[in-house]
Amino acid sequence: VQVLSPMHKNPCGVQNLNKILQQYMNPPSSNKPEVNIPGNVLRVGDKVMQIRNNYEKEVFNGDIGRVIRVESKAVTVAYPERPEGDHVTYAQSELEELQLAYAMSVHKSQGSEYPNVILLMVPSHYIMLQRNLLYTAVTRAKKQVLVVGTKTAVRTAVENDKTRRRYSLLAERLQESSDIF
Numbered sequence: 103v104q105v106l107s108p109m110h111k112n113p114c115g116v117q118n119l120n121k122i123l124q125q126y127m128n129p130p131s132s133n134k135p136e137v138n139i140p141g142n143v144l145r146v147g148d149k150v151m152q153i154r155n156n157y158e159k160e161v162f163n164g165d166i167g168r169v170i171r172v173e174s175k176a177v178t179v180a181y182p183e184r185p186e187g188d189h190v191t192y193a194q195s196e197l198e199e200l201q202l203a204y205a206m207s208v209h210k211s212q213g214s215e216y217p218n219v220i221l222l223m224v225p226s227h228y229i230m231l232q233r234n235l236l237y238t239a240v241t242r243a244k245k246q247v248l249v250v251g252t253k254t255a256v257r258t259a260v261e262n263d264k265t266r267r268r269y270s271l272l273a274e275r276l277q278e279s280s281d282i283f
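In my numbering, the protein residues as written are 103 to 283.
What the hints contain is simulated information worked out from the structure, not anything from laboratory work.
This structure is a prediction, so every number in the text was calculated from the model and none was measured.
Beta carbons: idealized from backbone N, C-alpha and C, even for Gly.
A portion of the hints provided could be inaccurate.
[Claimed, not checked] Computed list of lysine to aspartate or glutamate pairs in DMTMM-like fashion (alpha-carbon distance at most 25 Å, straight line):
#: 1; residue 1: Lys149; residue 2: Glu136
#: 2; residue 1: Lys175; residue 2: Glu198
#: 3; residue 1: Lys121; residue 2: Glu215
#: 4; residue 1: Lys121; residue 2: Glu199
#: 5; residue 1: Lys264; residue 2: Glu274
#: 6; residue 1: Lys111; residue 2: Glu158
#: 7; residue 1: Lys253; residue 2: Asp263
#: 8; residue 1: Lys121; residue 2: Glu158
#: 9; residue 1: Lys245; residue 2: Asp165
#: 10; residue 1: Lys245; residue 2: Glu199
#: 11; residue 1: Lys210; residue 2: Asp188
#: 12; residue 1: Lys245; residue 2: Glu274
#: 13; residue 1: Lys210; residue 2: Glu278
#: 14; residue 1: Lys210; residue 2: Glu199
#: 15; residue 1: Lys210; residue 2: Glu158
#: 16; residue 1: Lys175; residue 2: Glu160
#: 17; residue 1: Lys111; residue 2: Asp165
#: 18; residue 1: Lys264; residue 2: Glu278
#: 19; residue 1: Lys111; residue 2: Glu274
#: 20; residue 1: Lys134; residue 2: Asp165
#: 21; residue 1: Lys111; residue 2: Glu215
[Claimed, not checked] Have a look at the derived ranges for each label pair, beta carbon to beta carbon:
#: 22; residue 1: Val247; residue 2: Pro113; range: 27 to 33 Å
#: 23; residue 1: Glu158; residue 2: Ser214; range: 34 to 40 Å
#: 24; residue 1: Asp263; residue 2: Gly213; range: 30 to 36 Å
#: 25; residue 1: Ile122; residue 2: Ile153; range: 30 to 36 Å
#: 26; residue 1: Ala180; residue 2: Glu158; range: 16 to 22 Å
Taking the hints into account, I'd like the entire structure generated from these sequences.
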């Protein structure tokens, strides 16, 4: 099961959900060593995600694994989907490359599929409630999707087919660079 949320920082956002789900799915125990990472604690059994490419270790942004060993200066993660071998050991200085993955953003889930998906859709996600985001989230599920939230939030997403326009000044920058050459 993969929990998805449109946002990171929000009571129903990824960061808060990961803390809550970790307490339920993998609570602290005297026989489980722990290590602190920015904003969280990792312990043996935690579901984690690599959040940036590490070519040396051959793990890449979005790879999902489980913590199998926590030592004072290292954490080992099993990545069952890796063809190169499934165990990767991270030094203390590399732990910022990991984050809990009980919940993840819809954006991070793009390109992946999961047997079952739980999608949170609440009005406080209003800025992200768009049809394309809902479509992306629902199509991550191979078997079943459960939408948890309000009818209002789902209706808002279904009815909102306008993507937020970005003002990057790209056209102006391209024009300026073409004037140079």
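Hints and how they fare:
Between lysine 149 and glutamate 136, the direct Cα distance comes to roughly 14 Å. Compliance with the 25 Å bound is thereby established for this hinted pair. For the proposed pair lysine 175 and glutamate 198, the alpha carbon gap of about 13 Å is at most 25 Å, so the pair holds. Annotation: proposed proximity of lysine 121 to glutamate 215 holds, straight-line Cα distance about 23 Å (limit 25 Å). Among the hinted pairs, lysine 121 with glutamate 199 is consistent with the structure: their alpha-carbon atoms are about 17 Å apart, no more than 25 Å.
Restraint check for lysine 264 and glutamate 274: satisfied, since their Cα atoms lie roughly 23 Å apart, inside the 25 Å limit. In summary, the hint linking lysine 111 to glutamate 158 is not supported, as the alpha carbons are separated by about 31 Å, beyond the 25 Å threshold. Between lysine 253 and aspartate 263 the alpha-carbon distance is near 17 Å, which keeps this suggested pair within the 25 Å criterion. A hinted pair counts as satisfied when its Cα atoms are at most 25 Å apart, and lysine 121 with glutamate 158 does not qualify at roughly 30 Å.
Between lysine 245 and aspartate 165 the alpha-carbon distance is near 21 Å, which keeps this suggested pair within the 25 Å criterion. With a C-alpha separation of about 30 Å, the suggested pair lysine 245 and glutamate 199 falls outside the 25 Å cut-off, and the hint is violated. In summary, the hint linking lysine 210 to aspartate 188 is supported, as the alpha carbons are separated by about 21 Å, within the 25 Å threshold. Restraint check for lysine 245 and glutamate 274: the C-alpha separation of about 46 Å exceeds 25 Å, so the hint is violated.
With a C-alpha separation of about 33 Å, the suggested pair lysine 210 and glutamate 278 falls outside the 25 Å cut-off, and the hint is violated. Straight-line distance between C-alpha atoms of lysine 210 and glutamate 199 comes to about 14 Å, which keeps the hinted pair within the 25 Å bound. A hinted pair counts as satisfied when its Cα atoms are at most 25 Å apart, and lysine 210 with glutamate 158 qualifies at roughly 22 Å. The suggested pairing of lysine 175 with glutamate 160 holds, with an alpha-carbon distance near 20 Å, which does not exceed 25 Å.
Restraint check for lysine 111 and aspartate 165: the C-alpha separation of about 22 Å stays at or below 25 Å, so the hint holds. The straight-line distance between the Cα atoms of lysine 264 and glutamate 278 is roughly 29 Å, outside the 25 Å bound, and the hint therefore fails. With a C-alpha separation of about 33 Å, the suggested pairing of lysine 111 with glutamate 274 is violated against the 25 Å cut-off. For the proposed pair lysine 134 and aspartate 165, the alpha carbon gap of about 23 Å is at most 25 Å, so the pair holds.
Between the alpha carbons of lysine 111 and glutamate 215 the distance comes to roughly 24 Å, so the proposed pair stays at or under 25 Å and holds. About 22 Å separates the C-beta atoms of valine 247 and proline 113, a value inconsistent with the hinted range of 27 to 33 Å. For the hinted restraint 34 to 40 Å between glutamate 158 and serine 214, the CB-CB distance of approximately 23 Å leaves it violated. In this structure, aspartate 263 and glycine 213 break the distance hint of 30 to 36 Å, their C-beta atoms being roughly 22 Å apart.
Checked against the hint of 30 to 36 Å, the C-beta distance between isoleucine 122 and isoleucine 153 comes to roughly 20 Å, which is inconsistent with it. At about 18 Å, the beta-carbon gap between alanine 180 and glutamate 158 stays in the expected band of 16 to 22 Å.
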